[in-house]
Structures are given as structure tokens and as C-alpha cells.
Amino acid sequence: MEQHNKKAWLYMLPAALFLGLFLVYPLIDVLIYSLEEGYNFASQTYWGVGGYNYSYVLHDPYFLQALKNTFLLVIITVPVSTGLALVIALGLSSIQKLREAYQTIFFLPYVTNTLAVGLVFMILFQKTPYTDGLVNRILGWFGVAPIDFIQGPYWAKMLTLCVYTVWVVLPFKILILTSALASVDQSYYNAAKVDGTSKARIFTRITLPMISPTMFYLVITGFIGAFKAYSDVVALFGTDLNAAGMNTIVGYVYDMLYGTAGGYPSYASAAAMILFAIVLTITCVNLLVSRKHVHYE
Amino acid sequence: MNVTLENLTKVFPARGKKGSGDVTAVKDFSLRIPDGALVGLLGPSGCGKSTTLNLLSGLLTPTGGRIYFGEEEVTRLPPEHRGVGLVFQNYALYPHMTVQQNITFPLENRKGKDKLTKKEMADKALEAAKLVQIQDLMDRKPKELSGGQQQRVAIARALVKMPGVLLLDEPLSNLDARLRLQTREEIRRIQRSTGITTIFVTHDQEEAMSISDLIVVMKEGVIQQTGKPQQVYDDPANLFVARFLGTPPIHVFDASVKNKTLYIGEAPVLPVPGAPDGPVYAAVRPEGFVPEQEGPLVCQFHRVEVMGRDVSLVASHPNCQNTPIRAIIRAQTDVHAQDGRVRFRLDPGKVFLFDTQTEARIRF
Amino acid sequence: MNYEKLEASARRRSRLGKIVTYALLTLWAVVVLFPFYWMVLTSVKSYSAYNSEWTPQLYTLSPTLENYVAAFTQVPLGDYFVNTIIFTLVTTAAMLIITVLAAYAFARLSFPGKDLVFTLFLSLMMIPSELVVITNYVTMTELDLRNSFPGLILPSVASVFYIYLLKENFAQVPDELYYAAKVDGASDGKYLFRVMIPICRPTIVTITILKVIECWNSYVWPRLITDDPEYFLLSVGIQEIRENGFGRENIPAMMAAVVAVSLPLIALFLIFRKKIMEGVSRGGMKG
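Residue numbers (the working numbering), protein chains in the order written: chain A, 1 to 297; chain B, 1 to 364; chain C, 1 to 287.
Bear in mind the hints are in silico, worked out from the structure with no lab data behind them.
Idealized CB from N, CA, C, for every residue including glycine.
Please note: incorrect hints may appear among the correct ones.
[Stated by the list, open to error] Partial selection, computed: residues in chain A whose CB lies under 10 angstroms from chain C:
| no. | residue |
| --- | --- |
| 1 | VAL24 |
| 2 | LEU27 |
| 3 | PHE106 |
| 4 | LEU108 |
| 5 | LYS199 |
| 6 | ILE202 |
| 7 | PHE203 |
| 8 | ILE206 |
| 9 | THR239 |
| 10 | VAL253 |
| 11 | MET273 |
[Said to hold, decoys possible] Chain A regions said to be covered by chain C (calculated; three or more residues, Cβ under 8 angstroms):
| no. | segment |
| --- | --- |
| 12 | 90 to 96 |
| 13 | 99 to 105 |
| 14 | 114 to 127 |
| 15 | 181 to 187 |
Hey, can you work out the whole structure from these sequences and the hints?
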């Protein structure tokens with residue numbers, strides 16, 4: 001046993017070292033950064049401790065814009081993607097033929113590079129002097145005048161972002177929901193069928209309660225994921241998100257750290273802490289709500 | 001309601017290529033079940049008994065043949081219009097609903113003029129719950145119940161809509177031995193008091209024999225024999241049925257018939273005036289061995305196992321396919337074992353002969 | 001009640017339901033596949049052809065590979081590929097070693113306070129990467145590791161989630177095997193490599209694939225830590241190509257680069273489809 005101890009710690013050492021250096025220490029450090037006022041990156045000096053960084057960030061119009069964008073994105077994409085994923089997963093689990101083929105196709109976006117495919121969405125949606133773009137042509141059939149979805153009005157940009165986000169997050173949700181639906185014992189459905197339960201009632205009274213833990217899991221992870229939106233936004237609107245008016249909280253953090261406006265780790269830290277607090281609050285609210293509505297085995 | 005099945009056939013298509021590897025789960029199944037009977041569908045796993053049950057419930061549609069409930073043909077009718085109650089092997093109680101909600105669930109599905117008020121539903125649920133004696137458990141969730149209680153809830157849920165036919169899929173298989181005995185009495189009692197035509201599926205011959213009015217023995221999708229339990233036991237139609245019924249199981253000897261006499265090995269053991277000459281399987285029920293000092297069947301004697309009212313005499317014989325032989329005899333009987341041998345006379349009523357090729361019964 | 005009518009209406013309704021279901025699924029399949037089709041299509045259109053299409057054409061009759069040539073000659077896409085491959089291989093290999101050792105320590109070896117350590121360890125999963133990236137960026141800058149492979153690789157070699165996944169799998173290997181190996185005189189290390197790893201190979205393969213996908217697509221950290229194109233990974237490179245590469249209008253060449261970037265992962269996915277989907281559904285919120 002003695003030598004086990006030493007050996008165990010030896011095996012743990014690399015993991016502990018890396019996690020300590022790149023995960024635990026930064027967590028503490030970021031909190032300190034966020035409280036150090038007037039930190040100077042070059043000289044590594046600061047002139048005080050307090051909440052100034054937070055107050056600066058909260059008054060920064062770019063941050064408020066990012067906050068608004070992020071909230072809009074969350075509020076739109078989480079319900080839409082979860083609902084759409086549920087509909088598709090229900091469809092998938094009700095068929096036998098071609099099921100695997102559909103599943104494979106639906107999962108494809110998960111393994112693709114967000115940045116790369118974002119470019120495709122950009123050319124599909126954008127309006128340039130040379131072309132209105134495919135999406136605009138299709139909308140044109142319905143008598144809609146061409147809109148620049150990439151550099152045009154705010155609502156159009158937001159719409160594009162939401163469409164792309166849903167496209168990107170759906171594979172994961174479909175996969176998880178399909179396997180949740182598959183794990184519901186078939187005999188529940190048979191029992192309900194013999195009792196003459198309508199399809200709608202089977203769905204609301206049996207399917208939904210049975211998969212409610214999974215739905216809840218997806219809503220929580222969906223919220224967290226959407227609050228951290230960044231790369232898909234860059235993919236559509238480029239790296240200068242402030243200029244495009246499409247920045248997100250995470251984007252704001254990185255911009256504060258790096259790039260043309262960068263060099264302010266204190267502001268970045270404060271913004272990141274605010275993001276963390278929001279995510280934590282929303283998760284807690286979700287947990288409280290779920291107590292009432294989620295059925296756990 | 002009486003139930004009639006006519007030439008019912010169910011073929012499950014093979015996955016992938018057409019034609020090759022299709023599985024015929026039920027083949028040419030014909031049966032008439034009188035109103036109010038308790039019928040046991042009996043057979044080893046994979047014999048098509050559960051498929052038959054699902055054809056009756058409407059969860060599966062037959063490939064061929066017809067099903068009648070009373071005078072109505074229901075062959076292709078979807079399950080909800082058949083008015084059957086179905087109890088699943090794993091009970092399929094909705095885990096997120098209380099016992100009360102589970103039982104009322106089938107009633108809530110009614111539409112139009114059949115619609116019930118909350119009060120009516122509660123009354124009906126209570127009535128059904130009383131029938132299976134779970135009226136005190138109405139507010140519990142299924143996971144807070146024992147296996148036997150869950151089974152009762154499942155039965156109550158099936159009964160609450162007063163089905164014309166009650167179907168039970170392996171109703172006792174998930175219960176422990178003691179509960180099994182108790183529950184099968186319970187099923188019999190409930191069935192008697194409601195008078196609903198009931199069909200249940202089991203692989204346990206004892207279970208089927210003990211409570212059924214009628215048993216149907218199946219093998220590979222084909223009915224082997226139908227009849228009252230005792231009748232099937234005493235008069236099996238073929239070797240499969242003879243082997244499948246009875247504990248301890250029947251003993252099968254490689255034997256032959258010469259000059260109207262049954263020979264096991266070299267020993268003439270029984271006169272069989274009606275049987276043709278040739279090799280046969282001679283199957284003897286455990287209670288068909290009668291120890292006798294001068295009996296014709298000489299067996300190697302091993303030991304006596306006391307079982308209380310009866311004793312089981314354990315012996316062996318080179319021609320017997322399933323050794324050791326367990327002969328069930330009354331405890332008072334004297335057993336003369338000499339030189340490690342014991343001799344038996346065979347009770348002709350407990351001996352059945354079967355063709356070695358077709359395994360069909362040979363009457364003698 | 002008219003039984004025949006009921007029967008017929010039930011059949012009709014179920015057929016209608018089938019048709020609607022398939023139509024819906026096919027519609028979504030088109031939505032998913034169309035961007036892929038569009039990027040391949042655009043990548044084989046010539047620059048002049050593409051720009052003369054006011055209404056984008058859904059097919060092309062004169063496909064060309066000139067855009068692929070441009071993608072690998074006019075911009076350093078090839079270098080980005082090499083960087084990404086190095087980054088992916090080294091990160092994945094290092095991650096595997098660290099993960100296997102740590103998971104083994106948690107699953108098999110006993111030491112005082114193991115449960116507490118493991119609980120603390122699990123709670124690390126809650127830390128959002130957005131928080132720690134800030135300090136890591138500062139740390140790496142101070143260590144003068146910006147624009148270097150160590151700077152790219154080191155922060156992402158240890159993963160709490162993968163250690164957890166593998167530990168759970170290791171823990172399923174019955175103790176008896178360990179004692180049997182001990183009786184036979186096998187060392188802990190030998191037991192790990194000869195017994196545990198072969199038994200848990202499926203999980204190890206799964207986490208390897210997931211990590212490869214994660215590395216191939218990683219964007220945030222590489223973007224922060226590199227500003228010298230010599231160290232750009234594909235995601236950063238693609239963004240760079242978009243903003244400063246061929247010039248904004250050469251969309252076909254851009255799409256050729258996008259196809260080249262996407263293809264390896266799609267191939268990997270089609271080969272390991274089952275493993276990837278199973279791995280992701282087992283709790284992969286990663287990537």
C-alpha cells in the first residue's frame with residue numbers, strides 16, 4: 001500500500017500540474033485581475049483594488065451592445081433549437097427506413113469547422129454589388145426586397161446569426177434527444193395505444209415527462225452554450241465585431257484582451273466574471289424551475 | 001366475449017433482403033375461446049405465444065388469417081378500437097404518475113359521449129383498485145411499490161375500462177417464487193369475479209396448468225395441442241407436449257415394439273396390442289413407475305429423496321434419455337433394492353409411445 | 001361502430017403521418033446538406049463565372065480546380081494545414097498520456113483522500129474556459145510563448161472531462177483481474193498497458209477522436225496566442241484568408257480553402273460515425 005501512494009501521486013502528477021497551472025490558478029487569478037484597478041500590462045502595476053473595472057465594463061456601450069446581442073441570441077435560439085430538435089428527433093424515431101442515413105446527415109454540422117462553414121452562410125446570405133445572394137433570390141420569389149443580411153440592418157444580422165447558431169447546435173440536440181426517445185420503453189407506448197390514447201396525448205402525457213430530464217439538460221447546456229457564443233459570430237461577421245455591432249460578451253472579453261482594442265486584462269476579467277455570474281444565475285433559476293416540472297426516475 | 005382465431009399467420013420479414021430469412025412467428029393458428037374462459041398460451045421462448053397475444057391486442061397485424069371478437073372481425077382494427085385490456089410483462093406503469101393516475105389514464109382517453117367526469121373516473125378507478133386490493137396505495141408512485149403491487153396496479157389499469165378481453169403477457173415472470181403462487185390465485189379469483197375472457201402467455205407449464213380452463217401448447221409458431229390442463233397432461237398429442245408438461249419431467253426411453261410388446265432394452269415391459277412393430281420412444285411419467293419385486297424394468301438404484309407426502313426414487317437406466325430417473329411414489333411404499341438394483345412395473349395409463357421420426361403419438 | 005371505416009381511417013392517417021414525417025426530415029436534410037453542396041459548387045466555379053452570376057447558379061457545367069491551386073499557392077493554406085496537423089497530433093498524444101495515467105490513478109490505485117480529490121477534480125468541470133483564458137493568455141505572454149507550439153499546445157493537454165470518462169470505464173474492469181495480475185507478478189504499469197488499456201480501447205478511441213475534432217476546429221485560443229501567420233492554425237487561417245487573403249471578392253478561392261479544411265473531418269466522421277456519435281451522446285458537450 002505504501003508504494004501505491006507514491007505511485008498514484010506520480011501518475012496524477014502531469015494532470016495535476018497542467019490543470020493547476022491552466023485551470024485552477026487562472027480561476028483565482030482572474031478574480032484578482034478583475035479587482036485590480038488601472039492594471040498596466042506592460043509594467044504590471046496597478047493603483048488600487050475595487051469595483052472600478054466592473055463599473056467601467058457595465059458603462060461601456062460596447063459591452064451593453066454585446067450584452068443585448070447575447071441575450072437576444074439566447075432567448076431566440078435556445079427555444080427554437082430545442083423545439084426544432086425535438087420535432088426532428090420525434091420524426092427520426094418514428095421511422096425505420098433510412099433512419100441511419102438521416103441521422104448521419106443531421107449530425108454532419110457537429111464535425112465541421114464553425115469558422116469555415118460560417119463563410120458559406122455568409123456568402124449565402126450576403127448582398128454584394130455583384131449579387132443579391134441565394135437567400136435573397138429565394139426571398140425574392142415571395143416578393144421580398146433584397147436585404148443585406150451580413151452588413152445590413154441589425155435585425156437582419158441577428159436573424160442570420162440565429163439561423164446559423166441553430167444550424168450549428170442542432171446536431172448535438174437531435175442526437176441526445178433521439179437516444180433519449182429510444183430509451184423510453186416501447187411497452188409504455190403499447191400500453192397507451194391499447195388504451196386508445198391519441199398521438200397528442202401520448203406525447204404530452206408520456207413522451208414528454210419521460211424525456212423531461214434530457215430536455216432540461218439540453219435547455220441548461222443550451223443556455224450556457226448560447227451565452228458563450230463567439231466563433232460562429234466571428235465566422236459570419238468577421239473579427240471586428242464591435243464595428244459590426246454584433247459583438248457578444250465572450251467576444252468583448254477577447255477584444256479587451258487582444259487585438260486593436262486589447263491590452264486590458266482587468267476589464268476582460270471583469271466582463272468574464274459578469275458572464276460567469278449571469279450563467280450561474282440562469283442555471284440556478286433553471287434548476288429551481290425544473291424541480292417542479294422534471295420527472296426523475 | 002368469445003374469441004375466434006382463424007388460420008392466423010404472422011411472418012416477420014427479414015431485415016434487408018426480401019424473402020431470405022423471413023421468420024414465421026405464428027403459423028396457421030386456429031382457436032376458439034369460449035366466453036369467460038381463462039386460457040394459457042404455453043410454450044418455450046420464441047414459440048410465438050407473445051406474437052399471438054400482440055395480434056390479439058392489435059399491436060401487430062397478422063400476415064394472414066382472421067380474428068373475431070364475438071361476431072365482429074377485428075383482424076386489422078387498431079388496438080384502441082378493440083376494447084382489450086393488456087397487462088405487460090414489465091407492467092409498463094407510467095413512472096411519473098401515481099397509482100390513481102395510472103389507473104384513470106385509459107378512461108381519460110375517452111372522447112365525445114363516452115367522456116367521463118372526474119368523479120366517475122375516480123369511482124371507476126377505486127372500483128378496479130378494490131378488485132385487486134390496492135385501494136390504499138392510490139397516491140403512491142410505481143417505484144414505491146413492490147413487484148406484486150405493481151402487478152396489481154397493472155391489472156387494475158387493464159380492467160378499469162371493462163375490456164371485453166383481458167390479455168396478460170407473462171404475468172408472473174417478474175415475481176419471486178412465493179408471490180408467484182399468491183398472484184396466480186389472485187388472477188384466477190379476479191378473472192372468476194369479473195367473468196372477462198382472459199388470455200395469458202407463459203413459459204411456465206405449472207403456472208398454466210394450475211389456473212387455466214384451457215391451455216394451448218405452442219412450438220415454433222404452431223399449436224401442438226389444445227385442451228383442459230389435465231386432459232393435455234394425461235393425453236399428450238406428441239413428444240414435445242409430453243416433455244413440456246409435468247415436473248419432474250417425463251422420462252423418455254429408446255424402446256421398440258415387437259409382437260405387440262414394448263421392449264426397453266431386452267426387457268419386455270408392457271403389452272401394447274395396438275402398436276405396430278418398430279423402434280419407438282416410450283415416455284413414462286414419474287408417477288408411472290411402480291416399484292415391484294418382480295417388475296420387468298430393471299434400473300440402477302441410486303437413492304431415495306424424501307419430499308414429505310411422496311418420495312422420489314432416483315435411479316438410472318441405459319436407455320433413458322434424461323437421467324437420472326425420478327420415480328414419484330407414495331412414502332408408504334416399500335422399496336426393495338437389491339444389489340443396487342430396483343425393479344419397476346409401468347402403469348399403462350402413464351406410458352405414451354411416440355414415433356421416432358415424427359414424434360407423433362402412437363396409440364396402443 | 002363501423003369497424004371497416006375505423007380501420008380504413010386509421011390506415012389513411014398513419015400513411016399521411018409517414019409522408020409528412022419523411023417530407024419534414026428530408027427538408028431538414030436539405031437544409032443541412034445545402035451549405036456543403038454550395039461550398040463545393042462554388043469552389044469549382046471560376047472566379048469570372050462566379051462574379052458574373054447575378055442570380056447564383058445551382059450547378060456548373062465547367063468545373064475548374066484553379067481555385068484549389070490558388071488556395072494552396074496564393075495563401076499559405078498548406079502551412080496552416082501542417083501547423084494544425086502538428087498541433088492536433090501533439091496535443092492529442094499528450095492528452096492521452098496524461099488522461100490514461102490520471103484515470104488509472106483514480107480508478108485503480110488507492111491513496112488517502114482519493115474521494116475528496118476526485119470530487120474537487122470533478123468540480124473543475126464547472127470552470128468556464130472563457131474565464132481562465134485571460135490568465136493563460138497573460139501567463140503565456142509572460143513566458144514569451146506567444147507564437148510558438150508550446151504556447152498553442154500546453155493549455156489544452158489536460159481535460160477533466162476525458163479523465164472522468166476514462167476513469168468511469170477503468171472502474172468497470174473487475175478488481176479480480178488486478179489481483180490475478182498481481183499474483184502473477186505483473187507490475188502496476190504492466191497491468192495498465194497489458195490489461196486495462198486493451199479492455200478500455202473503445203473509450204480511448206472515442207476520446208481520441210473527440211479530441212482530434214476539438215483540436216482541428218479550435219479557434220479561440222489559437223487566435224489569442226498567435227499573431228504571426230507562421231503559427232496560424234486552420235480556423236485562424238481561414239479567418240485571415242477571409243479578411244486579408246485573396247481579396248474579399250474571390251469567393252470561389254475562399255470556398256476551395258473551406259472545402260479543404262472541412263474535408264478531413266467529414267472523412268473522419270464518415271469512417272468513425274458510430275464511435276463519434278456514441279462518444280458525443282455519452283456526455284460530450286465539448287467541441
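Against the structure, the hints:
Checking A/VAL24 against chain C: minimum C-beta separation of about 7 angstroms stays under 10 angstroms; hint holds. Checking A/LEU27 against chain C: minimum C-beta separation of about 6 angstroms stays under 10 angstroms; hint holds. For A/PHE106, the interface hint holds, since its Cβ comes within 10 angstroms of a Cβ in chain C; the closest pair sits about 6 angstroms apart. Taken as an interface hint, A/LEU108 checks out: its beta carbon lies about 6 angstroms from the nearest beta carbon of chain C, inside 10 angstroms.
With 10 angstroms as the threshold, the beta carbon of A/LYS199 comes within range of chain C, its nearest partner Cβ sitting at about 8 angstroms, so the hint holds. Proximity of A/ILE202 to chain C is violated relative to the hint, the smallest CB-CB distance being about 13 angstroms (cut-off 10 angstroms). A distance limit of 10 angstroms between C-beta atoms decides the matter here; for A/PHE203 the minimum to chain C is near 13 angstroms, and the interface restraint is violated. The interface hint given for A/ILE206 is broken, as the beta carbon of that residue sits about 17 angstroms from the closest beta carbon of chain C, more than 10 angstroms.
Evaluation of the A/THR239 hint against chain C yields a held restraint, the C-beta minimum of about 6 angstroms falling below 10 angstroms. With a least beta-carbon distance of about 6 angstroms to chain C, the hint placing A/VAL253 at the interface is held under the 10 angstroms criterion. The beta carbon of A/MET273 comes within 7 angstroms of a beta carbon in chain C, closer than 10 angstroms, and the hint placing it at the interface holds. Coverage of the segment 90 to 96 of chain A by chain C holds [criterion: at least 3 residues with CB-CB distance below 8 angstroms; count 4].
Taking a C-beta to C-beta cut-off of 8 angstroms, the segment 99 to 105 of chain A contributes 4 residues in contact with chain C, enough for the three needed, and the coverage statement holds. Here's how the segment 114 to 127 of chain A fares: 9 of its residues keep a CB closer than 8 angstroms to some CB of chain C, so the rule of at least three is met and the hint holds. Check result for the segment 181 to 187 of chain A against chain C: violated, 0 residues qualifying (beta carbon to beta carbon below 8 angstroms, three or more required).
Checked against the numbered hints given earlier, the structure breaks hints 6, 7, 8 and 15 and satisfies all the rest.
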